[in-house]
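Peer 1: As you go down the protein sequences, you meet chains C and U in turn.
For the first sequence, our numbering begins at 397 and goes up steadily by one.
For the second sequence, our numbering begins at 397 and goes up steadily by one.
Simulated from the structure, these hints should not be mistaken for lab results.
This one's a predicted model, so the numbers in the text were calculated from it and none came from an experiment.
It cannot be assumed that every hint is accurate.
When chains are identical, the list treats them as one kind, so a pair holds in a single copy or across two.
Claimed, not checked - Result set (DSS-like, lysine-lysine): computed pairs, CA atoms no more than 30 Å apart in a straight line: (1) Lys407 - Lys524; (2) Lys424 - Lys565; (3) Lys565 - Lys524; (4) Lys616 - Lys524; (5) Lys775 - Lys427; (6) Lys427 - Lys438; (7) Lys734 - Lys481; (8) Lys565 - Lys407; (9) Lys775 - Lys524; (10) Lys472 - Lys734; (11) Lys407 - Lys424; (12) Lys734 - Lys616; (13) Lys565 - Lys472; (14) Lys438 - Lys481; (15) Lys472 - Lys438; (16) Lys775 - Lys734; (17) Lys439 - Lys424; (18) Lys616 - Lys439; (19) Lys438 - Lys524.
2 protein chains.
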Amino acid sequence: MNQFNFYNPTKIIFGRDRFNELDHLVPKDAKVLVLYGGGSVKKFGTLDRVLAALPNREILEFGGIEANPRYETLMKAVDVVRAEKIDFLLAVGGGSVIDGTKFIALASYYDGDGLDLLRDRSITANLKQALPLAAVLTLAATGSEMNRGGVVSSPIGKLGFGNDLVFPKFSLVDPSLTFTLPETQVANGVVDTFVHVMEQYMTYPAEGRFQDRTSEGILKTLIEIGRATIDNPTDYDLRANLVWCATMGLNGLIGAGVPQDWATHRIGHELTALFGIDHAKTLAIIMPSLWNIMRDTKREKLLQYGERVLNITTGSEEDRIDQIIETTRQFFESLGIKTRLSDYGIGADQIDSILAALELHNMTALGERGEITLEISRKILEGAI
Amino acid sequence: MNQFNFYNPTKIIFGRDRFNELDHLVPKDAKVLVLYGGGSVKKFGTLDRVLAALPNREILEFGGIEANPRYETLMKAVDVVRAEKIDFLLAVGGGSVIDGTKFIALASYYDGDGLDLLRDRSITANLKQALPLAAVLTLAATGSEMNRGGVVSSPIGKLGFGNDLVFPKFSLVDPSLTFTLPETQVANGVVDTFVHVMEQYMTYPAEGRFQDRTSEGILKTLIEIGRATIDNPTDYDLRANLVWCATMGLNGLIGAGVPQDWATHRIGHELTALFGIDHAKTLAIIMPSLWNIMRDTKREKLLQYGERVLNITTGSEEDRIDQIIETTRQFFESLGIKTRLSDYGIGADQIDSILAALELHNMTALGERGEITLEISRKILEGAI
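Hey, can you work out the whole structure from these sequences and the hints?
Peer 2: In structure tokens:
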């Protein structure tokens, strides 16, 4: 097991109808900015329930944070924070709103060019002050409700950032708030969670037995409940299991002390930036091909996953790995998520532009061992057509 | 899944030889009381390494905290804290030292009779101030390094307490510090962790799929490595896996959102208080008999554990439950832990005194459904002879 630090101070308030607890969770004397995305939190009444739960406070609203939140939008919120002397941010939404709110929390205290915070991870990681923030979660996928990072789409790319200061102070996680999501967003959440776990698991053995088995438990659960929670959107227990797995899949727990990959995410981010493909769908496109190309360095963990999660135990190692990749692809497809670039109208002629974007963002040595050069990324993309 | 709150702000610093990080983890301006138990932290140099890592600070020491820490000893430390105006507590040891330090942290700010904090859990839970504390862990078992509770032996019994204020600010968890432990203490740690998990798992199904599978992962790991880490005490990876499972087994994670039992602990505490039997050994005595007596209410989870952890899948349900109990008992015995009261010289003639102690401490409706009355406890004890 590798050495590690583990720290996660976010308080999770999990369960149905717990809005009334917001009043004591949000500081009484705070001037609060409530942030949200499009109209769904209005349409389904979530925003009204949040506002009603926070009486006798000065509250401003900032709506319109997009999926894959845009830097320009977030900087407008920073202007509001500064002009109005906001001292608490409350995100109401999914990963994009929460990620965006984290960026606002940091950028509000940063005097330089806000793009620095995306351009140079070390600048962001060393910031010493941020606005406190919290979240009311309406979509299970990113784990942003219980972690220290986010991803922002900006003129210099779709890029990540992180700092302990942006752990939400609390997150209200009510699975029933996700009942009204469109089917494709639930499917995206299942795939996003599945690949988050894989980025921390599908590397090489490192004697992290708790970490491996906890990851395998989430993967098994997602396979068990993924299709079922899409088909039965108001089944509380199915959805609660998806939501809790999504939170646990990216809160630092399963990745502590073991190698991590994240190449699928890095390549996927370019697909979203260039072609607007949903984040989760980019992961479903890239990961199966990446496993195929990297099957030698990932061999032991691929076989372990096959045996422990998929019960694939017969055939030669190559045959089993083929089965493992195909079974995983079929799982994504069974959720209604297409797994080929060509399904999204992307052909071989676009690969150079994707590689150029990777190069621009210094994504030239990806994967758990830095072995995924641009040439390897080309093969992965060619295999994903 | 039940509704729940999850909160755990302890920072874990995990790995070998990280003492040099203590200097920035412990506040620079703090007057520190370093607390420890018997001579082993002196004998093996751990105390010296801690003190050397904290230069230019005012540091006092308080040694002699016993296994099953005694209230009278802890109140002497409270006197030191008050007289010397200590403002940071650093526990160096295992669960007893850390539990004791937590009690000191709370009692130092409590003006009433210190026994109140054990007599009435609600008094302790509502305290608003405590000294900050941290830990350097030398024994894996109790999870105290990453939770909010402790157990103290007092004139009114061996009793638990808890408050969010006593989460350690950080815990330095170096598996190599446990290499020098006597074999029986390592075995105790394996059993203690195993039963901590079971108290949060072996109840009834509650749609906590992440929780169940994470518990099952710890149980499998303990069965895999338990004997091996006793036999190979300086194998870092084996011990690191034990240590991390012990921390994860009682930090709130696996018990969030699912029913919990704790009857084995409650009855076990009386055996320690009356007869001085090691805590873990009391658990190994009580749990198999408790499962046998409570096999109807625990049936589904017993069978799930049998199938998923022990691979016991054939025979009638009663046969399988018999096999499951016997296999678990044999696992404890394989670690050198005896599982019968009679192994410790306790006979049927002592049962009345154990029941009287349970009654005195209001332990008359134990278990996940409060079904374990004194009459049921009698049967459990009779079955444990």
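Peer 1: Go through the copies and call it for lysine 565 and lysine 407: within, between, both or neither, with a Cα cutoff of 30 Å.
Peer 2: Close inside one copy (6 Å) and across copies (15 Å); limit 30 Å.
Peer 1: What label fits lysine 438 with lysine 481 when the C-alpha limit is 30 Å: within, between, both, or neither?
Peer 2: Close inside one copy (25 Å), not across copies (54 Å); limit 30 Å.
Peer 1: Tell me, please, which holds for lysine 565 and lysine 524 at an alpha-carbon limit of 30 Å: within, between, both or neither?
Peer 2: both (16 Å within a copy, 19 Å between copies)
Peer 1: With identical chains treated as interchangeable, where does the CA-CA distance between lysine 427 and lysine 438 reach 30 Å or less: within a copy, between copies, both, or neither?
Peer 2: within (21 Å within a copy, 53 Å between copies)
Peer 1: Treating 30 Å as the Cα threshold, decide for lysine 775 and lysine 734: within, between, both or neither.
Peer 2: within (19 Å within a copy, 59 Å between copies)
Peer 1: Checking an output row: lysine 472 and lysine 734, CA cutoff 30 Å. Within, between, both or neither?
Peer 2: neither (35 Å within a copy, 67 Å between copies)
Peer 1: How would you label the pair lysine 407, lysine 424 (within, between, both, or neither) given a Cα cut-off of 30 Å?
Peer 2: both (18 Å within a copy, 28 Å between copies)
Peer 1: I want to check one pair: lysine 734 and lysine 481. Are their C-alpha atoms no more than 30 Å apart within a copy, between two copies, both, or neither?
Peer 2: neither (45 Å within a copy, 65 Å between copies)
Peer 1: Indicate which option fits the pair lysine 616, lysine 439 if close means a Cα-Cα distance not exceeding 30 Å: within, between, both or neither.
Peer 2: neither (34 Å within a copy, 47 Å between copies)
Peer 1: My question is about lysine 734 and lysine 616: at a cut-off of 30 Å on alpha-carbon distance, are they close within one copy, between copies, both, or neither?
Peer 2: within (21 Å within a copy, 36 Å between copies)
Peer 1: Evaluate lysine 565 and lysine 472 at a C-alpha cut-off of 30 Å and name the case that applies: within, between, both or neither.
Peer 2: Within. Shortest intra-copy distance 23 Å satisfies the 30 Å Cα cut-off; inter-copy 37 Å does not.
Peer 1: For lysine 775 vs lysine 427, is the C-alpha pair at or below 30 Å within one copy, between two copies, both, or neither?
Peer 2: neither (52 Å within a copy, 60 Å between copies)
The structure fails to meet hints 4, 5, 7, 9, 10, 18 and 19 from the earlier list, while all remaining hints are met.
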